[in-house]
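Same order as they appear, the protein sequences are chains A and B. The first sequence begins at 1 in the working numbering and counts up one residue at a time. The second sequence begins at 1001 in the working numbering and counts up one residue at a time.
In case anyone wonders, no lab produced these hints; they're calculated from the structure.
Covered stretches of chain B, going by a simulated chain A footprint (3 or more residues, C-beta under 8 Å):
hint	region
1	1052–1060
2	1083–1096
3	1352–1363
In this text, a Cβ means the ideal position worked out from N, Cα and C, and glycines have one as well.
Number of protein chains: 2
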Amino acid sequence: MAVNLPVLGALLPVPGVRVGTTCAGVKQRVRDDLCVMLLDPGATVAGVFTRNAFRAAPVILAEAAVARGGARALVINSGNANAATGEPGHADALAICRALEQKANLPTDTTLPFSTGVIGQRLPVERIVDGLDAAIARARPDGWVDAAHAIMTTDTGPKAVSRRVQVGAAEVTITGIAKGAGMIKPDMATMLAYIATDVAIAPDLLSLLTRRVADQSFNRITIDGDTSTNDSFVVIASGAAGNPVLRHPQDEGCAAFAAALTEVAMDLAQRIVRDGEGATRFVTVRVQGGVDEDECLRVAYTIAESPLIKTAVFAGDPNWGRFCMAIGRSDIPGLDTRGVALYLDDVCVAQQGLMASSYREEAGAAVMAKPEFEVRVQLGRGDAEAVVWTCDLSYDYVKINAEYRS
Amino acid sequence: MAVNLPVLGALLPVPGVRVGTTCAGVKQRVRDDLCVMLLDPGATVAGVFTRNAFRAAPVILAEAAVARGGARALVINSGNANAATGEPGHADALAICRALEQKANLPTDTTLPFSTGVIGQRLPVERIVDGLDAAIARARPDGWVDAAHAIMTTDTGPKAVSRRVQVGAAEVTITGIAKGAGMIKPDMATMLAYIATDVAIAPDLLSLLTRRVADQSFNRITIDGDTSTNDSFVVIASGAAGNPVLRHPQDEGCAAFAAALTEVAMDLAQRIVRDGEGATRFVTVRVQGGVDEDECLRVAYTIAESPLIKTAVFAGDPNWGRFCMAIGRSDIPGLDTRGVALYLDDVCVAQQGLMASSYREEAGAAVMAKPEFEVRVQLGRGDAEAVVWTCDLSYDYVKINAEYRS
Chain A
1 MAVNLPVLGA LLPVPGVRVG TTCAGVKQRV RDDLCVMLLD PGATVAGVFT RNAFRAAPVI
61 LAEAAVARGG ARALVINSGN ANAATGEPGH ADALAICRAL EQKANLPTDT TLPFSTGVIG
121 QRLPVERIVD GLDAAIARAR PDGWVDAAHA IMTTDTGPKA VSRRVQVGAA EVTITGIAKG
181 AGMIKPDMAT MLAYIATDVA IAPDLLSLLT RRVADQSFNR ITIDGDTSTN DSFVVIASGA
241 AGNPVLRHPQ DEGCAAFAAA LTEVAMDLAQ RIVRDGEGAT RFVTVRVQGG VDEDECLRVA
301 YTIAESPLIK TAVFAGDPNW GRFCMAIGRS DIPGLDTRGV ALYLDDVCVA QQGLMASSYR
361 EEAGAAVMAK PEFEVRVQLG RGDAEAVVWT CDLSYDYVKI NAEYRS
Chain B
1001 MAVNLPVLGA LLPVPGVRVG TTCAGVKQRV RDDLCVMLLD PGATVAGVFT RNAFRAAPVI
1061 LAEAAVARGG ARALVINSGN ANAATGEPGH ADALAICRAL EQKANLPTDT TLPFSTGVIG
1121 QRLPVERIVD GLDAAIARAR PDGWVDAAHA IMTTDTGPKA VSRRVQVGAA EVTITGIAKG
1181 AGMIKPDMAT MLAYIATDVA IAPDLLSLLT RRVADQSFNR ITIDGDTSTN DSFVVIASGA
1241 AGNPVLRHPQ DEGCAAFAAA LTEVAMDLAQ RIVRDGEGAT RFVTVRVQGG VDEDECLRVA
1301 YTIAESPLIK TAVFAGDPNW GRFCMAIGRS DIPGLDTRGV ALYLDDVCVA QQGLMASSYR
1361 EEAGAAVMAK PEFEVRVQLG RGDAEAVVWT CDLSYDYVKI NAEYRS
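Extracted from the complex, chain A is given alone in its bound form:
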């Protein structure tokens, strides 16, 4: 059901990072479900993690490892989220990190663990530890396609993309993989995204860019408004490109690097929406003319998460009153609806808070019949803008989430 989910193009190896996968049999023995990423010494790692209060044990450990610095490895399993597992789950994740460090001859406390899949069940630690040998043995610079597959849960296809960008005199590579399609199986799936690059960059700056990039990509997508316990986005910079270390946003090449990083993250984030559970349409919600970005985002999310709008989008029904309803309940202080305009792609549906006199329902229906279109709202009270990407709410969303265990 994915909406124009691109097939994988060529994924570029990132000097300083090797990736290996294997089938550890976390849940079933049908495909690779364990992935290790091994980083040469000197790599810099930054991350953004779920704010869900029920964050899983590996999330807590990974965030702490990022803060400590000196990361040398990531270990990711699909099939089990190690969430809501308490102290034993914490010990399990730690045991896997220790085993990886021992097997790969890495210092202690240099591994970031990640898990995605079933919650409330203990990890099969022994099987994962046994699988580490094969994953380490298979680790190689061009292991990205396998990695993109190994981290999948209910995704209908792998999500990955590469870019090259000039940073001063150096050519820098950026390769990213992601997984996520909603929250299921049996309880909550997870958005996981990893981007590796060989740029040389100071930890503080990478951390700043990672947060900014997340805000323009993974924090701008919504499928069902739910947030998992395991969501994580990690950027790895090996430094192998040999550029003068980027330390400040104003440094030569930093803007180009940040733009390319944003582009990769945005591409991955959009692929997650395209693969949204039951998705039949991919919708860009753009809100312009707000006093600040916050209020634009509030309107955009209210539209993107309204079940009434999502079902109308599924039906391809230009139900413009539902958009007005959503804008109106976004709780924008003092919103004067007489300044509000609504467009579906280039079709002006409403102006000054009323149906546009030029509007014909056939024109709106033609836009909404497309697999991809843009909903554009103008609030008419400022210069701020925000964009959110989402998909529709179909019978298959209900089916996938109601019936997958039957």
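Since the structure of chain A is already known, use the hints to place chain B on it.
Chain B alone, transformed into the frame defined by chain A:
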């Protein structure tokens, strides 16, 4: 598809209030769609209205009329919401009020207008004005059953209830009607609720009680999280019961009256949920042990509006991880998940943030197989509590909202 929606019991006339209906043919000529309520002089009216920025013309006029005082009539049409109609819509609503006042020999500016149905279309003012004669002629104390029918749009059945309560030496009657089943047809339907009583009460106190009662009833239900442009809740007190006028919450009989009023409002609100679009289950979400009511409500609404939980409820699937996920993303500052417990009716599912050792999935599934059950969350950090009522998200919800125009 309604879940245990009670059939109408006997509806008690409210001295001082007469109700009449007719078929004005607002949208089609199949059933009554126009209702007038005529109030004897001296009645007191209070109301709570939608906060949607796109509030419809009649809402603005009704709210102003309540504030002015001296209300003598209400006029309600179904089939057309007179929303997003701008200045002409305002004039239309006003014209109907003026016509009613003239035909019923009432002073100017004493009528509250209400509309529900299609948005973005002009009201058929002439047909409505023509219909007023019949509605006025048919106005009688026992017109409530007809009124409950006339205000319906996509409701599968009428919603009304009566109570008697002792206020000091006087016996007071309370009769209420409501409509609402989600937001549809073609854009946004509406929650409308009217409660009439013959109690004698000061305007300020009635206004205070109305807000409080709304917060315990209509503001505690959610079907799809969307809020219409026309939502209105009005309480009419004719004063005909002859009790000493209630002026303060401490006055004799006021607590009993407030309790009965709350009971009627809560009953009507729950009937709206029972008749929720596509509803197959009626769920009470009770959150206890919060620091304050606000945070309990935040958790309760996050649960009640999560598409993942609503689809699991539809499937009767005790997917407890989804409840944890929703609690965790409710944005409760400093929530310690180790204090959180989850019950499905009397079955303890999770304790201290983990699956309860006593929990068996069969027990959870047995509760969720019932048409009605309670989800109870204990936050373990205070004494506050909040309750919200909701329904599931079924194929029929998608069908009703995606396909009603096809």
